[in-house]
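Work out the full structure: start from the sequences and follow the hints.
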Amino acid sequence: MTCYRSRDNWHSYVKYSLSEAERDEMASHLAHCPECRSIVAIIQETLESLAKKQVILCPPLDIKINVMKAIDKNRYRETIVSTNPFHLFELKNWGVSMIAAGILLFALNLTTLSPGSENGQMTELHTELGKQITIPFDKMSQVANDALEKIESLRLSK
Amino acid sequence: MHDDEAQNILKGDEELIKSILSGNGERYGDIVERYQTGLYRAVYYYTQNVEDARDLTQDIFIKAYNNLAGFKQGSAFSTWLYRIAVNHCLDWCRKKKPTYVESFSLDNLSSDEDSPEDLFLQQEITSEVQAAVGSLPAIYSTVLILYYFEDFSPQQIADITDIPKRTVETRLFRGRKMLRDKLQPKSSGGEDHDLLSKPGQLAQLR
Chain A
1 MTCYRSRDNW
11 HSYVKYSLSE
21 AERDEMASHL
31 AHCPECRSIV
41 AIIQETLESL
51 AKKQVILCPP
61 LDIKINVMKA
71 IDKNRYRETI
81 VSTNPFHLFE
91 LKNWGVSMIA
101 AGILLFALNL
111 TTLSPGSENG
121 QMTELHTELG
131 KQITIPFDKM
141 SQVANDALEK
151 IESLRLSK
Chain S
1 MHDDEAQNIL
11 KGDEELIKSI
21 LSGNGERYGD
31 IVERYQTGLY
41 RAVYYYTQNV
51 EDARDLTQDI
61 FIKAYNNLAG
71 FKQGSAFSTW
81 LYRIAVNHCL
91 DWCRKKKPTY
101 VESFSLDNLS
111 SDEDSPEDLF
121 LQQEITSEVQ
131 AAVGSLPAIY
141 STVLILYYFE
151 DFSPQQIADI
161 TDIPKRTVET
171 RLFRGRKMLR
181 DKLQPKSSGG
191 EDHDLLSKPG
201 QLAQLR
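Residue numbers (my numbering), protein chains in the order written: chain A, 1 to 158; chain S, 1 to 206.
No lab work stands behind these hints, which were simulated from the structure alone.
Keep in mind the model is a prediction, meaning the values are calculated, not measured.
Be careful, since some hints might not be right.
Heads up, simulated DSSO-like pairs for lysine-lysine below, C-alpha to C-alpha not over 27 Å straight-line [what the hints assert, rightly or not]:
{"hint": "1", "chain 1": "S", "residue 1": "18", "chain 2": "S", "residue 2": "63"}
{"hint": "2", "chain 1": "S", "residue 1": "182", "chain 2": "S", "residue 2": "95"}
{"hint": "3", "chain 1": "S", "residue 1": "177", "chain 2": "A", "residue 2": "15"}
{"hint": "4", "chain 1": "S", "residue 1": "11", "chain 2": "S", "residue 2": "182"}
{"hint": "5", "chain 1": "S", "residue 1": "63", "chain 2": "A", "residue 2": "73"}
{"hint": "6", "chain 1": "S", "residue 1": "18", "chain 2": "S", "residue 2": "72"}
{"hint": "7", "chain 1": "S", "residue 1": "177", "chain 2": "S", "residue 2": "165"}
{"hint": "8", "chain 1": "S", "residue 1": "63", "chain 2": "S", "residue 2": "96"}
{"hint": "9", "chain 1": "S", "residue 1": "72", "chain 2": "A", "residue 2": "53"}
{"hint": "10", "chain 1": "A", "residue 1": "15", "chain 2": "S", "residue 2": "96"}
{"hint": "11", "chain 1": "S", "residue 1": "96", "chain 2": "A", "residue 2": "69"}
{"hint": "12", "chain 1": "S", "residue 1": "165", "chain 2": "S", "residue 2": "182"}
{"hint": "13", "chain 1": "S", "residue 1": "11", "chain 2": "A", "residue 2": "15"}
{"hint": "14", "chain 1": "S", "residue 1": "95", "chain 2": "A", "residue 2": "64"}
{"hint": "15", "chain 1": "S", "residue 1": "11", "chain 2": "A", "residue 2": "73"}
{"hint": "16", "chain 1": "A", "residue 1": "15", "chain 2": "A", "residue 2": "53"}
{"hint": "17", "chain 1": "S", "residue 1": "72", "chain 2": "A", "residue 2": "73"}
In silico negatives: residues of chain S with every beta carbon more than 12 Å from chain A [unchecked claim]:
{"hint": "18", "residue": "7"}
{"hint": "19", "residue": "65"}
{"hint": "20", "residue": "83"}
{"hint": "21", "residue": "90"}
{"hint": "22", "residue": "94"}
{"hint": "23", "residue": "117"}
{"hint": "24", "residue": "135"}
{"hint": "25", "residue": "138"}
{"hint": "26", "residue": "139"}
{"hint": "27", "residue": "162"}
Every residue gets a Cβ at the ideal spot worked out from N, C-alpha and C, and that includes glycine.
Here you go:
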């Protein structure tokens, strides 16, 4: 053995199971390497030779019969049925989520309709929660006005 | 095998498996029919007798059916099935490898054309090769069986046996050499009677 490629993918080459680029590259190597050529020839020869000496067996007829008797033919039918509750569970989850979202939207609408909203407050509830969710719209508009004034003055100064 | 043919088999298998997984268990019979010849033959190389080969083939098909939900759609079913088969056979060999080798029976040979003399000679040679393959260490016999008798490529063998493709190539080189060494002393005329290749080519491998 002298060629460094003598242990290359020659078995894959013989079975045409390489990419076109790989195969072309190996073919060009074969063109000038008698050692690798003889290896490919030996593999091909062995394939042909062993194909002739292959055990030609007819499988017993009862293999199929016994297998079909032994398997549970409804195995995957049951799986389909058993997956249905899962889908139902998923749908149920979606339903619960939608109801929760609806309640939230309804609650938000109610707060905007409350009299406090005119004063820039979401709610007039005199509870701790009511105080926490008060939104300072008056302060927000003041900040926005200040920002607009600054932009205007900058534009005029230019 | 041509690409088109392989694609057709792949598609056909995929349709069958989809059908089985959607509840048509009866269609598994088509899968058994499609693969039983090759699988039974491959198993026979491990068991070296028809009774065990039949039992093992049945077990493999049943195991494959029970695990069919784990088969990844889009990959080759044959590779998946042979992976189960090879693992099952190797397990079987570890547990219960018989010490005898059954003489190959003429009844098992399916041939319509050969004369009885040809058939007898073929039987002799086949038995010799079969025994030689069976006597090799399992890591070598597996790659030889899959490559030379079941027409798998080294990449497919790598997928089946879960070893790198490079290792498959190396084992094929070594396995072939071991097989040649086992077969050669039995032949009387040296290289002229090599059962694997032509004499001139063989000399260059040494």
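For each hint, the structure was consulted:
{"no.": "1", "hint": "S:18 x S:63", "in the structure": "18 Å, holds"}
{"no.": "2", "hint": "S:182 x S:95", "in the structure": "25 Å, holds"}
{"no.": "3", "hint": "S:177 x A:15", "in the structure": "19 Å, holds"}
{"no.": "4", "hint": "S:11 x S:182", "in the structure": "41 Å, violated"}
{"no.": "5", "hint": "S:63 x A:73", "in the structure": "13 Å, holds"}
{"no.": "6", "hint": "S:18 x S:72", "in the structure": "11 Å, holds"}
{"no.": "7", "hint": "S:177 x S:165", "in the structure": "19 Å, holds"}
{"no.": "8", "hint": "S:63 x S:96", "in the structure": "19 Å, holds"}
{"no.": "9", "hint": "S:72 x A:53", "in the structure": "35 Å, violated"}
{"no.": "10", "hint": "A:15 x S:96", "in the structure": "34 Å, violated"}
{"no.": "11", "hint": "S:96 x A:69", "in the structure": "26 Å, holds"}
{"no.": "12", "hint": "S:165 x S:182", "in the structure": "25 Å, holds"}
{"no.": "13", "hint": "S:11 x A:15", "in the structure": "22 Å, holds"}
{"no.": "14", "hint": "S:95 x A:64", "in the structure": "26 Å, holds"}
{"no.": "15", "hint": "S:11 x A:73", "in the structure": "22 Å, holds"}
{"no.": "16", "hint": "A:15 x A:53", "in the structure": "19 Å, holds"}
{"no.": "17", "hint": "S:72 x A:73", "in the structure": "20 Å, holds"}
{"no.": "18", "hint": "7", "in the structure": "15 Å, holds"}
{"no.": "19", "hint": "65", "in the structure": "5 Å, violated"}
{"no.": "20", "hint": "83", "in the structure": "18 Å, holds"}
{"no.": "21", "hint": "90", "in the structure": "19 Å, holds"}
{"no.": "22", "hint": "94", "in the structure": "23 Å, holds"}
{"no.": "23", "hint": "117", "in the structure": "16 Å, holds"}
{"no.": "24", "hint": "135", "in the structure": "15 Å, holds"}
{"no.": "25", "hint": "138", "in the structure": "18 Å, holds"}
{"no.": "26", "hint": "139", "in the structure": "15 Å, holds"}
{"no.": "27", "hint": "162", "in the structure": "18 Å, holds"}
Consistency note: the structure conflicts with the earlier hints numbered 4, 9, 10, 19.
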